[in-house]
Every structure is written in structure tokens, then in C-alpha cells.
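Asks: Below are the chains, spelled out letter by letter.
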Amino acid sequence: MKEFRISIVDKPGTLATLAEALGSENINIEGGLGYACSGEGHICVITNNTAKTASIFDDAGIEYSTQDVVMTNLENKPGQLANLTRAFADAGINITSFYITVGENQIFGTDNNEAAKDIASKLGVLVE
Amino acid sequence: MTTMEFRITTPDTPGTFASIAETLSKANINIEGGLEYSFGGSGYFCFITNNPGKTSSVLEEGGISYTTNDVVVTTLKNAPGALAKLTTALAKAGVNITSFYVAADNKQIFGTDNPETTEEIASNLGVLSEL
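Heads up: the sequence lines are chains W and Z, in that order. Plus 1349 on top of the position in the first sequence (first one is 1) and you've got our numbering. Plus 787 on top of the position in the second sequence (first one is 1) and you've got our numbering.
Careful, some of the hints might be misleading.
Here are the computed lysine-lysine pairs in the BS3-like style, where the Cα-Cα straight-line distance is at most 27 Å [stated by the list, open to error]:
1. Z:813 - W:1401
2. W:1351 - W:1401
3. Z:841 - W:1426
4. Z:864 - W:1360
5. Z:841 - W:1351
6. W:1360 - Z:872
7. W:1426 - Z:864
8. Z:813 - W:1426
9. W:1351 - Z:894
10. Z:894 - Z:864
11. W:1426 - W:1466
12. W:1401 - Z:841
13. W:1351 - W:1466
14. Z:813 - W:1351
15. W:1426 - Z:894
16. W:1360 - Z:894
17. Z:813 - W:1466
18. W:1351 - W:1471
19. W:1471 - Z:813
20. W:1360 - Z:813
21. Z:864 - W:1401
Hints in this document: simulated from the structure, not taken from any laboratory. Remember, predicted model here, so these are calculated numbers, not experimental data.
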């Protein structure tokens, strides 16, 4: 699964522009994050159609990078996130992005997705 | 409805996210939604919990520095254009989004520079919700 990462100017309308570009082409945003800091906005999204999303961004002149991410299905109760992230940390894995999807799964971008997948699989929370 | 978002800036190293999650889980606090994003050598963690008052106490006792922010809870339809409709309305009102993420039970969280107007717009669109 690919995550799109976009850096934007931190001002009203930038998330709307991006969401409109995808919505008008019938692309659904399955999960993502938006965060503004020090005058910059950072957006990560995953969609229901990665190839079409890339094409839409290209056509609209929206600059982006992509990275592979790991999907999990942690239970919604205290300690679940702690267990998994501690296992990542013990393996020296750094988390570069984290958010929840509309399907109530969790997305982890890491600096070692293969190891992260192994750990999530062993804990029984990996979504293939 | 608004709820309290906690914002924590950490070093971008393995284990910092885990330490915060462990601190909360030991106090039986559930993270209802959040984001973590790393850039420029720092990690930025925003989250909401099932008990903001206890979360504040636990973070303080753990010596974890944080700021808080009122955020608006919505229930957008899971369909293309739903996010665009709300964010376009916010943009037309000059509202700037400072954080956005999905929470449990298919809720969405919007931190903005004007929570009151955000609530009003979300209410007018019929998507205002609560945790």
C-alpha cells in the first residue's frame, strides 16, 4: 500500500484543493493526516486507487512523494498501540507516520516496513 | 462538539511514540484517534483520548510536555467528495486547518484556527458529531 505525502503552504484552502481534486475524480480518501507546523502543512493520504491518485496529482501539478506503509487491525482498547509500537522500538524501527483509516485500521509508515510487517504479523495484527 | 487534542513534539527516534502510548495505557486511557508525523528531525504526535482530564494528569506525572487544542468532531460520509465539501466550506470562511485525522467509530477530527466557526459550518452541513 502506498501513502502519498504532500507538503503545502499552511493557509486556508490547501486541504480543500487536494480533497476536491480527488473527490471530483471519484477517488475516496481511505485515511490520512494533516498537520501544520512552522508555516508548513503536511498531508499524508491513502486512497482506494493509488495509480489514479498519482495521475490526478500529476495532472493538477500537485507535488508529492510516496512511501510504502504497513496496515494493522489493532483492537480499540488501551494498550494495543503501546504493545505494537514498543515491539517496533525494541527492533530499532522508527515510525515516520501514523494514522487511522475509515475502515478502522491503522497505518504505519516506518523506516523498515519489512521488519514492521514481520512484527505485526507475529502479533497477529497485520492486514495483508 | 469539540474535544481536547493533545500535541506532543518528540525527537524523531525509535521508542518515543511507544513511551507515550505505554504511559497512557498503564493508566487505562484509550487513544481514540491521532496522528504521528516525522519531519525535520522531530516527531509530531496529536491525539485525543477517552479521558482528557486524566490524560493531562498522566502526561504531567510522566514529565511529558504537551499543549492542548480544541478540535471539532465530525461524521463525514465515507464517499468521494465528502472531505472536499467540508474543507471547501471551511476555506471559504477563511478557516485554516491545523490538524486532521480519523478517529475510532469513523469520526474525523479537525483542529483549526477557529473552532467555533468550524463547529457552526459542520453543524450547517449536518456532519457535526461527538466522541
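Asks: CA of residue 864 (chain Z) to CA of residue 1360 (chain W), is that 27 Å or under?
Replies: Roughly 25 Å between the alpha carbons, so the hint for residue 864 (chain Z) and residue 1360 (chain W) holds.
Asks: Below or equal to 27 Å on CA atoms is what counts here, so check residue 894 (chain Z) against residue 864 (chain Z).
Replies: holds, 10 Å
Asks: Within 27 Å, alpha carbon to alpha carbon, are residue 1351 (chain W) and residue 1471 (chain W)?
Replies: Between residue 1351 (chain W) and residue 1471 (chain W) the Cα gap is close to 22 Å, so the pair holds against 27 Å.
Asks: Please verify whether residue 841 (chain Z) and residue 1351 (chain W) have alpha carbons no more than 27 Å apart.
Replies: Roughly 36 Å separates the two Cα atoms, so the pair is violated.
Asks: CA of residue 1426 (chain W) to CA of residue 894 (chain Z), is that 27 Å or under?
Replies: holds, 16 Å
Asks: For the pair we were handed, residue 813 (chain Z) and residue 1351 (chain W), check the Cα-Cα distance against 27 Å.
Replies: Given pair residue 813 (chain Z), residue 1351 (chain W) is violated - Cα atoms ~33 Å apart, limit 27 Å.
Asks: Does residue 1466 (chain W) lie within 27 Å of residue 1426 (chain W) when you go C-alpha to C-alpha?
Replies: holds, 21 Å
Asks: Would the hint linking residue 1360 (chain W) and residue 813 (chain Z) be met if the CA-CA limit is 27 Å?
Replies: violated, 38 Å
Asks: CA of residue 1351 (chain W) to CA of residue 1466 (chain W), is that 27 Å or under?
Replies: Status holds; Cα separation ~14 Å.
Asks: Do the alpha carbons of residue 1401 (chain W) and residue 841 (chain Z) lie within 27 Å of each other, as the hint requires?
Replies: Violated, at roughly 44 Å.
Asks: Just to be careful, I want the Cα atoms of residue 864 (chain Z) and residue 1401 (chain W) compared with a cutoff of 27 Å; is the pair within it?
Replies: Roughly 21 Å between the alpha carbons, so the hint for residue 864 (chain Z) and residue 1401 (chain W) holds.
Asks: Compare the distance between the alpha carbons of residue 813 (chain Z) and residue 1426 (chain W) with 27 Å, and conclude whether the hinted pair is satisfied.
Replies: holds, 12 Å
Hints 1, 5, 12, 14, 20 from the earlier list are contradicted by this structure; the remaining hints agree with it.
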